[in-house]
Amino acid sequence: MKPMKVPSGLDPADALAAVGALRQLADQLEDAAVEQAMRSGWTWPQIAEALGVTRQAVHKKHAKRLIAAGVHLRRR
Amino acid sequence: MNEFHQYIEAAIADAKSEAEASRSATVEAHHLLLAIAAQEGTTGQQVLASVGLDRAALRDALQREFEHSLEAVGVHPAEYALPASRGKPGKPPRFGPSASVRLAFTRGMGHGDRNPQPVQLLIGILEAEVGTVPRALALAGVDRTELRRRALEALEGGGPAPNGSRSKMHGSTRP
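One line per chain: the protein sequences are L and S, in this order.
Just so you know, my numbering puts 58 at position 58 of the first sequence, and the rest follows in order with no gaps.
Just so you know, my numbering puts 1145 at position 145 of the second sequence, and the rest follows in order with no gaps.
The set of hints was computed from the structure by calculation and includes no laboratory data.
In this text, a Cβ means the ideal position worked out from N, Cα and C, and glycines have one as well.
Keep in mind that the hints are not guaranteed to be accurate.
[Stated by the list, open to error] Negatives, chain L to chain S, calculated, CB over 10 Å:
(1) Met1
(2) Lys2
(3) Pro7
(4) Arg39
(5) Ser40
(6) Trp42
(7) Gln46
(8) Glu49
(9) Gln56
(10) His72
[What the hints assert, rightly or not] Distance condition first, Cα-Cα at most 27 Å in a straight line; then the derived DSS-like pairs of lysine-lysine:
(11) L/Lys64 <-> S/Lys1016
(12) S/Lys1016 <-> L/Lys60
(13) S/Lys1016 <-> L/Lys61
Using the sequences provided together with the hints, build the complete structure.
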């Protein structure tokens, strides 16, 4: 992979702020994607593998929220 | 527990709720700023209100900053149509506390005397020259330096600085 370059003309403050905003967007996207996958019948191990994290980690992070949202949770 | 500690405790609890509702993993200075804006009748809330900043206006400003930051690198959040927060994330944010919150406390406590005042927390937040808060205020057309001056005046005078106007100091740039 080629080393990343900050686009020319991008102010350092904007580039640094973009890093934080992208992390926040990634978190929001993860929440939405996990919920969509669960509603589509994916299992915890499948979601964990797709995200590249452990089953325990993904369960701990999302289970409570999904239950509150009324999503039927499949077995771990 | 004295008034200052009660205020800080309430602000932190409210900031945690803000962080949770926005699905943030940590409590940041901008969550504390939202909490300050919601503490009706406090000096901090009145200083913010003196330039037209209530919680809703701050939320708008922060959202604009988020979108502006993403657009700078070619990402348009509207395209993702992510669901609005339900305020019920699975993992509550840590208050352990984030770097921006630590800095706000350190800077704020550098003012005043041995009896800290609640408004010092706002002063500490406003002293950040980089990061989410100054960027959001700038995008909302608020002069952060002037706002800080008003907060310092309120600290010295024991109340919000009189201004007779709720208008922003640099005019409005909000859509």
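Status of each hint after checking the structure:
1. Met1: Its Cβ never comes within 10 Å of chain S, the nearest being 17 Å, so this holds.
2. Lys2: The claim holds: L/Lys2 sits with its nearest Cβ about 16 Å from chain S, beyond 10 Å.
3. Pro7: violated, 7 Å
4. Arg39: The claim holds: L/Arg39 sits with its nearest Cβ about 12 Å from chain S, beyond 10 Å.
5. Ser40: holds, 16 Å
6. Trp42: holds, 16 Å
7. Gln46: holds, 18 Å
8. Glu49: holds, 19 Å
9. Gln56: holds, 13 Å
10. His72: Correct as stated: the minimum Cβ-Cβ distance to chain S is 16 Å, above 10 Å.
11. L/Lys64 <-> S/Lys1016: The given pair, whose Cα atoms are some 17 Å apart, holds under the 27 Å limit.
12. S/Lys1016 <-> L/Lys60: Status holds; Cα separation ~19 Å.
13. S/Lys1016 <-> L/Lys61: This hinted pair holds, its Cα atoms lying about 17 Å apart.
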